[in-house]
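Novice: Sequences and hints are given; from them, build the entire structure.
Protein chains in written order, with UniProt numbering: chain A, 1 to 354; chain B, 1 to 354; chain C, 1 to 354; chain D, 1 to 354.
Some clues are possibly wrong.
The list treats identical chains as one, so a pair stands whether inside a single copy or across any two.
Claimed, not checked - Restricting the straight-line Cα-Cα distance to at most 35 angstroms, the calculated cross-link-like pairs of lysine-lysine (DSBU-like) are: (1) K75 to K353; (2) K75 to K60; (3) K213 to K176; (4) K213 to K256; (5) K146 to K353; (6) K60 to K188; (7) K353 to K213; (8) K313 to K353; (9) K353 to K309; (10) K271 to K198; (11) K353 to K315; (12) K99 to K266; (13) K99 to K310; (14) K213 to K99; (15) K99 to K256; (16) K310 to K353; (17) K213 to K113; (18) K60 to K198; (19) K195 to K213; (20) K313 to K199; (21) K75 to K213; (22) K256 to K161; (23) K266 to K172; (24) K271 to K161; (25) K315 to K256; (26) K60 to K161; (27) K199 to K271; (28) K266 to K309.
What the hints contain is simulated information worked out from the structure, not anything from laboratory work.
Protein chains: 4
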Amino acid sequence: MAGNSFGTLFRLTTFGESHGRALGGVIDGCPAGIVLDLNAIQNELNRRKPGQSAIVTQRKEPDTVEIYSGLFEGKTTGTPIGFAIHNTNQKSKDYSHIKDSYRPSHADYVYDKKYGFRDYRGGGRSSARETASRVVAGAIAKQFLKGIEINAFVSQVGELKVQRPYQELDFKEIEKNPVRCADPEMAKQMEDYIKSIKKEGDTIGGVITCVAKNVPIGLGEPVFDKLHAELGKAMLSINAVKGFEYGSGFDGVLMKGSAHNDQFNKDGTTKTNLSGGVQGGISNGMDIYFNVAFKPVATVLQGYETINKKGEKVKTQGKGRHDPCVVPRAVPIVEAMTALILADYYLLARVNKV
Amino acid sequence: MAGNSFGTLFRLTTFGESHGRALGGVIDGCPAGIVLDLNAIQNELNRRKPGQSAIVTQRKEPDTVEIYSGLFEGKTTGTPIGFAIHNTNQKSKDYSHIKDSYRPSHADYVYDKKYGFRDYRGGGRSSARETASRVVAGAIAKQFLKGIEINAFVSQVGELKVQRPYQELDFKEIEKNPVRCADPEMAKQMEDYIKSIKKEGDTIGGVITCVAKNVPIGLGEPVFDKLHAELGKAMLSINAVKGFEYGSGFDGVLMKGSAHNDQFNKDGTTKTNLSGGVQGGISNGMDIYFNVAFKPVATVLQGYETINKKGEKVKTQGKGRHDPCVVPRAVPIVEAMTALILADYYLLARVNKV
Amino acid sequence: MAGNSFGTLFRLTTFGESHGRALGGVIDGCPAGIVLDLNAIQNELNRRKPGQSAIVTQRKEPDTVEIYSGLFEGKTTGTPIGFAIHNTNQKSKDYSHIKDSYRPSHADYVYDKKYGFRDYRGGGRSSARETASRVVAGAIAKQFLKGIEINAFVSQVGELKVQRPYQELDFKEIEKNPVRCADPEMAKQMEDYIKSIKKEGDTIGGVITCVAKNVPIGLGEPVFDKLHAELGKAMLSINAVKGFEYGSGFDGVLMKGSAHNDQFNKDGTTKTNLSGGVQGGISNGMDIYFNVAFKPVATVLQGYETINKKGEKVKTQGKGRHDPCVVPRAVPIVEAMTALILADYYLLARVNKV
Amino acid sequence: MAGNSFGTLFRLTTFGESHGRALGGVIDGCPAGIVLDLNAIQNELNRRKPGQSAIVTQRKEPDTVEIYSGLFEGKTTGTPIGFAIHNTNQKSKDYSHIKDSYRPSHADYVYDKKYGFRDYRGGGRSSARETASRVVAGAIAKQFLKGIEINAFVSQVGELKVQRPYQELDFKEIEKNPVRCADPEMAKQMEDYIKSIKKEGDTIGGVITCVAKNVPIGLGEPVFDKLHAELGKAMLSINAVKGFEYGSGFDGVLMKGSAHNDQFNKDGTTKTNLSGGVQGGISNGMDIYFNVAFKPVATVLQGYETINKKGEKVKTQGKGRHDPCVVPRAVPIVEAMTALILADYYLLARVNKV
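Specialist: This is the structure:
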């Protein structure tokens, strides 16, 4: 399996390259009877699309989704939902400078080695443009998961880090600033910082925190397919992600068991939630929360030396319109992947008992 | 799929509970013609087994693996390898105190909610005893992956952290100390610290670092099944793991792209390796390295208050023989899961091209 | 998994309803480096399309395939091939007469029961229109399988049955007659018979025989995924298929082992081939051949009584333009499914040995 | 995936060779809370085991199943059920005569070609001994499917064929005769005939008919995973099967649509059932019935000429204790595979709707 599908029962398969005719996907296993709000799907795509603010890439792509199947009289039919987003901005000429050379820390070199050649236009399939399809599917999953609230936000850009715990933040702030940070004051600092990075022709990393509330107890398959393991895989499958932690995460390493254990209340909730809403791989009804680390975007608008296909040194220069920091546009992607997993495990949980 | 299988072409399915008759598994897809060293498999199991040193649980389990199928005249036949480890230490009576109550930060509560009841003996299926089957399969995968070197070691226990980069460490030190730390001086400190934690009846978290050398270029399926995404899932599926990072990891967030990019040498290797041996989800021939964060073991040998099935408060006391720190015994598990993934992707890479 | 994918390594996922906006699919796992002949793909589609002769449905659908991804400079890239066929003939009004009633021996009733409602336009997803996507994918698989020859032909219509063994037939005759029968004299009789059936407003069943030559030895996974088992499933998944037999098939029941066994020649070929090219689920290099039984099309252009959603008796009348006999148009579908399976098993066979 | 697993949600993986230490399997996805009758499982195994009557192989194998996991206090726990049947009759010496030569119409030749060598003892993994594991799993599936009745019986041996439709037969007769034919008079003729075949040292083919009653409406996934397609695959995966047909089957080819269509009663049942209980791949609540064709067993106790590994002609002689006709012992296997599929689709049907 060539790795372009995700999920078991609620399953997304995507296709498409950065500069191909269209990208899109098929959702197989979406239950029948969901009244789909098509505007809500397009809205999620708009949160991800280029050109939405001064701190993201200035490319112009309308990113309009067309749904080809699986809907009838406004409702999902239980049959596969095929969809496509046509590329309108296929300027191959922009990429002639990288046709024969390998950009550092991109997938150019490994694609050539693995497949024998590559679609060099904008990274082809390795481009984060693929994630548009995930956002479409995630938006449909969200509509299936009525009642579950999924909110992601930028919690760190470079050294700038939100210090308050997520419980003290107002998620309504997220969409009010271009960084998508839930802390308005920090958002302003981050925005300024990203602008200064952009001016340098450089890029910077960041962290997205995601919180899922009202997740029913019992989602997750023990052993290999633990809920948090699948969440981790999903996040690590997003371009530029280098790390994942949930609940206490890497800081939990420093703690003693007596302090780390989440004591029960009488109703089965816990007084603390260092477990991050998951115990033994299964949701326990508390908030699920996790952090996703993104490296700085590899395309910098500076001169650099690299090698070409023949193994010769070549000098080149980053060009085009790129994101100085990927996290503001990655927020809807993190949410989409979270929704896809929860939808899948929600269905899987229907078959636990006689 | 109830989540007890791992891998696509080199695929492990496990079964068994902590206190059942036997645990074991089936490896399906192991290629024919591998000359199997059965002692090497048992040796890996011995690295994981209880009672091996003063800083791990003192339970006595011989953990002898029996191979039922898939071998003929010393070689794998291409047919499934079935194996079992019989439990010889099934003392159910030890667990009467938790039969009706839920241990904090264990899976007791969620199993009851998900399945309607649970095998309360030693955590049943949620026990890390299941990982013995993974170690068996991983030992077989290692023998398939001749030439690839996989070394994991403890790099942090609580606040005690190895400061030197892995390149400066001698992996031959790992098995010379009970902590399995590659830095002998730090190993001694960690050992003393774990002993003091044990004396308190408490537990402590830790980090395991894993390094895979000589991985061929081209392993990994782009998009959802990126090599590092599957590694992350594998690690997060190990009991008590709270986080995963590879290459620059969470520290990469702080860097600028101009500094983070790994510049090429003429031969396609890179001068730095912040990418961690994986670009765009595909191995690039450099060392693959990653960190895995383990929380402190939830079973503390102290009195605590919790709830029972009826939602009543009950006082109880941790009993039995448990690990004060899980990382020394988790080292072979991390290696096993790494080997399983590399074996799987090694086979998947055979079908990339015409 | 909702059943819209086929194959493990060479994997097709389809979407689309009879009267939706478009149907299509994604091929995941097609190896990189295949020089694709797009005309050959369209030609296969044309063999399946309506209106091609007087004995098939007279609907007008151009069935033009658009390939969205996975191709670069004329070659497959190893990334998913997304494609779509837009529906240009979406006349929903034709189907008002079946909106609330259930056509006998169609899927109308079970779809309503399973999903709560259905897309009643032309059968929606249950329509054989879905097989257009299979033909596209099969045409690509054929191009991957250079050297393997796959030929299907109509061997029976009603009582009219080709009596000569396939070895005596000239497959070049198949495309020379509208029935796609490899025996020209029988083809003429079949054609006349189908015309008379059509005149009655009735339909008739038939058999397609398929022969795959030059299949390498060693394709097929023992036990559950035997090569002929997967072929059987593939054929039975085609609309209107009621039976499958390979090699000696149902006639083999009558034979004694001493007569049925295929004796070896010195080069490993066999003197007879009652095994049908597969032994123990694995190809042995001899011709693979099998028969596929199709029932008469359920839509008859006659008056009939049936029930509606409320369980009331209603009188209705078959309308529209339908096939009096499905087998002539099903020939390319049988070939396509055969090609998909052989492509998949061809890749799987790459991982048998060290 | 090497083909040793079956099912999606209720999933069986088997291991083991004819003359290895043990064979067995893992059932993953069996829902929690089934009260398991272990005697009923052993009884099913006994129906399949050798030596049970004068017309089957006289090998002595007790075939006692041991369940290792997944059960607690008599009930399934939702965790994987691991089981093994130890081989007690591992006489390798019986097979020295085939070590270097290929038996006609067995898998010997293709295994050697595919894997480079083979376990020649009794056919190794290609032996029908593997089906013992299927019978265990099927017996568990049957207990999950309370209310659904699955009955298979021998309907043909060579030319001897039960003429009455299954509706007129009394399934209680099946276990009263060693042939497992539901027609007592025909059973006697078949028994005599098999004895005469045995005396010749020859073998004969047969047909098993299977009927599943009380299957709920709505089981089956449209398109590739149609219920009858998966049934067909399951049956074709049983050793020696050459054909599968359901409902009207190959005879349906001869009929006109106006006669073949199953007219509805007001309650949604149909007056006839040529559809065989499945429409569009989905169960419609009517009886599901199908025929499975078995070739004559390849091992004949007569002298024959064949080739060895070097491609030389060798004379040899069939030896040992073999079945003259496989169908009497295959009846519980057909039922087991039917139960496994229905269990799987029963679970899949839980996720159709919101």
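Novice: Against this structure, judge whether each hint is valid.
Specialist: Consistency of the hints with the structure:
{"no.": "1", "hint": "K75 to K353", "result": "both (29 angstroms within a copy, 11 angstroms between copies)"}
{"no.": "2", "hint": "K75 to K60", "result": "both (32 angstroms within a copy, 29 angstroms between copies)"}
{"no.": "3", "hint": "K213 to K176", "result": "within (21 angstroms within a copy, 46 angstroms between copies)"}
{"no.": "4", "hint": "K213 to K256", "result": "both (27 angstroms within a copy, 34 angstroms between copies)"}
{"no.": "5", "hint": "K146 to K353", "result": "both (23 angstroms within a copy, 14 angstroms between copies)"}
{"no.": "6", "hint": "K60 to K188", "result": "within (25 angstroms within a copy, 59 angstroms between copies)"}
{"no.": "7", "hint": "K353 to K213", "result": "both (24 angstroms within a copy, 23 angstroms between copies)"}
{"no.": "8", "hint": "K313 to K353", "result": "between (62 angstroms within a copy, 28 angstroms between copies)"}
{"no.": "9", "hint": "K353 to K309", "result": "between (56 angstroms within a copy, 19 angstroms between copies)"}
{"no.": "10", "hint": "K271 to K198", "result": "between (44 angstroms within a copy, 26 angstroms between copies)"}
{"no.": "11", "hint": "K353 to K315", "result": "between (62 angstroms within a copy, 31 angstroms between copies)"}
{"no.": "12", "hint": "K99 to K266", "result": "between (63 angstroms within a copy, 17 angstroms between copies)"}
{"no.": "13", "hint": "K99 to K310", "result": "within (12 angstroms within a copy, 52 angstroms between copies)"}
{"no.": "14", "hint": "K213 to K99", "result": "between (46 angstroms within a copy, 30 angstroms between copies)"}
{"no.": "15", "hint": "K99 to K256", "result": "between (53 angstroms within a copy, 25 angstroms between copies)"}
{"no.": "16", "hint": "K310 to K353", "result": "between (60 angstroms within a copy, 21 angstroms between copies)"}
{"no.": "17", "hint": "K213 to K113", "result": "between (43 angstroms within a copy, 18 angstroms between copies)"}
{"no.": "18", "hint": "K60 to K198", "result": "within (18 angstroms within a copy, 56 angstroms between copies)"}
{"no.": "19", "hint": "K195 to K213", "result": "within (33 angstroms within a copy, 39 angstroms between copies)"}
{"no.": "20", "hint": "K313 to K199", "result": "within (28 angstroms within a copy, 60 angstroms between copies)"}
{"no.": "21", "hint": "K75 to K213", "result": "both (26 angstroms within a copy, 33 angstroms between copies)"}
{"no.": "22", "hint": "K256 to K161", "result": "both (26 angstroms within a copy, 16 angstroms between copies)"}
{"no.": "23", "hint": "K266 to K172", "result": "within (32 angstroms within a copy, 50 angstroms between copies)"}
{"no.": "24", "hint": "K271 to K161", "result": "both (26 angstroms within a copy, 30 angstroms between copies)"}
{"no.": "25", "hint": "K315 to K256", "result": "between (52 angstroms within a copy, 20 angstroms between copies)"}
{"no.": "26", "hint": "K60 to K161", "result": "within (30 angstroms within a copy, 47 angstroms between copies)"}
{"no.": "27", "hint": "K199 to K271", "result": "between (47 angstroms within a copy, 27 angstroms between copies)"}
{"no.": "28", "hint": "K266 to K309", "result": "between (65 angstroms within a copy, 10 angstroms between copies)"}
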